[in-house]
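Undergrad: Model the full assembly from the supplied sequences, consistent with the hints where possible.
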Amino acid sequence: MLSKHQGKGPIPAAQLGFVGRKLRNDLHHLVLDAFQKSGLTQAELADRLGADKSLVCRQLGAPGNWTIDTVAKMLFAINGSYVVAATVDADTPALANYTQPSWLQGKVLPPPPAFAGGGPSTVVMTIAPATAKPGVKPNAPIIASGGPGNATSIKPLEIAAE
Amino acid sequence: MNGSSKEDVRLGGLYADLERFTSGQIVTVGDHPFDKDNSAYMARTNPVQEGIFDIRSAAPSPALRLFGAFCEQDVFLGLTWRWRSELGGRDERAFDFAVMQAMRVWDELLPDCRRLYSDNLEDYISGGLHAV
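Chain order of the listed sequences is A and B. The numbers in my numbering rise by one with no breaks, and the one at position 28 of the first sequence is 34. The numbers in my numbering rise by one with no breaks, and the one at position 9 of the second sequence is 936.
Watch out, some of these pointers could steer you wrong.
Listed next, with one range per pair, are the computed distances between beta-carbon atoms [what the hints assert, rightly or not]:
1) B/Trp-1010 x A/Gly-15: 41 to 47 Å
2) B/Arg-1041 x A/Asn-85: 23 to 29 Å
3) B/Tyr-1044 x A/Ala-49: 28 to 34 Å
4) B/Gly-1015 x A/Leu-61: 27 to 33 Å
5) A/Gly-13 x B/Asp-1046: 52 to 58 Å
6) A/Asp-32 x B/Ser-1053: 19 to 25 Å
7) A/Asp-97 x B/Ser-1012: 34 to 40 Å
8) B/Tyr-1044 x A/Val-94: 36 to 42 Å
9) A/Gly-13 x B/Arg-1020: 29 to 35 Å
10) A/Asn-85 x B/Arg-1020: 44 to 50 Å
11) B/Ala-1021 x A/Gly-13: 29 to 35 Å
12) B/His-959 x A/Leu-61: 20 to 26 Å
Hints in this document: simulated from the structure, not taken from any laboratory. Quantities reported herein were computed from a predicted structural model and do not represent experimental measurements. Each residue gets a CB set at the ideal place from its N, CA and C atoms; glycine is no exception.
TA: Listed below in structure tokens is the structure:
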């Protein structure tokens, strides 16, 4: 998705959209991970923050309305830690390894049928990684494999030539 | 993806949301289709026995839903997507239709493979789960 920007032209909007959303997701993960490890309840965390429990519940649920202060306060309230800012070079290899589950290895899938009722149906394929190989065609379904210790990334399935 | 349109920004946001799952980060999951927090990253859809989930990519606006199912634990197959605005409320048929569409796509792609179904969310995602 990301590559270091070269030259003077504008950075593609998709990359800007990606980095903003990614930071929000990363911070959300940071807080949820700390919260789960702390053993605190949402009510206890709300008490520590002097906030309403429903607000804390909402904030733990999604980072949509978070401010930078939200992250700092929640982390500090959870376990007394604070965020240390750091940057990562966009050209650093991602965690992804683009594997597939064993039962899909070597399997060739047909493209999905056209959707009845119209409407765009190709967002999924347009997020193919920049490293996608020739032969990866639009409309391919996406395999997303995740979970701790099994970090893989999004991979469009290769479709047989028509 | 090299453009400057709002759609490109939206795709970038969706990519980040999908990467959240694939990189093993904690995700919030709605257990009950009709009783879940609006903020859930992913949620079961009705009927839960069919094993269809939607990934709820809310930002940047407009929100969208990616429908799919688990082939096995930690492996999610994205099948179809819709703008959230097209799906209406929970009682409207458009959402049910989208779920059925995802089931149909699965059945056509993988007729010999059953979608994962379990009462326990932990059977879908091995770790990094926050039920909402």
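Undergrad: For this structure, which hints from the list above don't hold up?
TA: Hint check: 1, 2, 9, 11 fail, others pass.
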